[in-house]
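Undergrad: So the chains spell out like this:
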Amino acid sequence: QKEVEQNSGPLSVPEGAIASLNCTYSDRGSQSFFWYRQYSGKSPELIMFIYSNGDKEDGRFTAQLNKASQYVSLLIRDSQPSDSATYLCAVKGNNNDMRFGAGTRLTVKP
Amino acid sequence: KAGVTQTPRYLIKTRGQQVTLSCSPISGHRSVSWYQQTPGQGLQFLFEYFSETQRNKGNFPGRFSGRQFSNSRSEMNVSTLELGDSALYLCASSSSSGGYEQYFGPGTRLTVT
Chain A
1 QKEVEQNSGP
11 LSVPEGAIAS
21 LNCTYSDRGS
31 QSFFWYRQYS
41 GKSPELIMFI
51 YSNGDKEDGR
61 FTAQLNKASQ
71 YVSLLIRDSQ
81 PSDSATYLCA
91 VKGNNNDMRF
101 GAGTRLTVKP
Chain L
1 KAGVTQTPRY
11 LIKTRGQQVT
21 LSCSPISGHR
31 SVSWYQQTPG
41 QGLQFLFEYF
51 SETQRNKGNF
61 PGRFSGRQFS
71 NSRSEMNVST
81 LELGDSALYL
91 CASSSSSGGY
101 EQYFGPGTRL
111 TVT
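Line by line, the protein sequences give chains A and L. Numbering-wise (our numbering), the first sequence opens with residue 1 and increments by one. Numbering-wise (our numbering), the second sequence opens with residue 1 and increments by one.
Warning: the hint list may mix true and false statements.
Partial pick of chain A residues on the chain L-facing surface, computed with a CB cut under 8 Å [unchecked claim]:
1) Ser-43
2) Pro-44
3) Glu-45
4) Met-48
5) Phe-49
6) Leu-88
7) Asn-95
8) Asn-96
9) Asp-97
10) Met-98
11) Arg-99
12) Phe-100
13) Ala-102
14) Gly-103
15) Thr-107
Derived by calculation from the structure, the hints in this document are not laboratory data. Every value quoted in this text rests on a predicted model; they were computed, and no experiment measured them. Here a beta-carbon is modelled for each residue, glycine too, at the ideal position from N, C-alpha and C.
Take these sequences, add in the hints, and give me the full structure.
TA: Quick look at the structure:
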């Protein structure tokens, strides 16, 4: 079992729809959870981080964390074509090393 | 504020050679982490340096090493290069060790032939 798992996609949604990206992790001791966006040929950029159970909202983005289920998700509301990218879920464990999922490729169609 | 810079951006080396990559963090940031990104393995953590000390290390062979200088600039060295070392090497800076916000540099694309 991989430490951080994501559906590789591609996930395709129409413009204006909600995109839902999911991630599960295996280390129950994980403390912090991150979502990065990576455009093709570019380096990852941090979208959000969350470390408490529940929801955290930032503009059109909402991160959701459920530690009991070892599950973290990212919702993108009112998806735009510019949101088309690969989304990486990352988990930081007790020893501070960062583990990344393989990423989910999102395509938003106009 | 200037972002994270990495040099060189592209590098071609021959199997068996060694290579040194450089990373300058955002001004004021003292933590630098290194990652390897490949299509097959994704983003993998190499190591983190904070205040010139290695804080964490990923699961990579001893051929991969690094250091950090007093101005927080960091270098990563790979000795005895193998074909499988071809990858995009990314560094990320953060204001503190284990900091929540990491900012990535543009990466160094290493090709080993």
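Undergrad: Would you mind marking each hint as holding or not holding in the structure?
TA: Hint check results:
no. : hint    : result
1   : Ser-43  : 4 Å, holds
2   : Pro-44  : 5 Å, holds
3   : Glu-45  : 7 Å, holds
4   : Met-48  : 10 Å, violated
5   : Phe-49  : 5 Å, holds
6   : Leu-88  : 7 Å, holds
7   : Asn-95  : 6 Å, holds
8   : Asn-96  : 4 Å, holds
9   : Asp-97  : 5 Å, holds
10  : Met-98  : 5 Å, holds
11  : Arg-99  : 7 Å, holds
12  : Phe-100 : 4 Å, holds
13  : Ala-102 : 5 Å, holds
14  : Gly-103 : 7 Å, holds
15  : Thr-107 : 18 Å, violated
Comparing the model with each numbered hint stated earlier shows that hints 4 and 15 do not hold.
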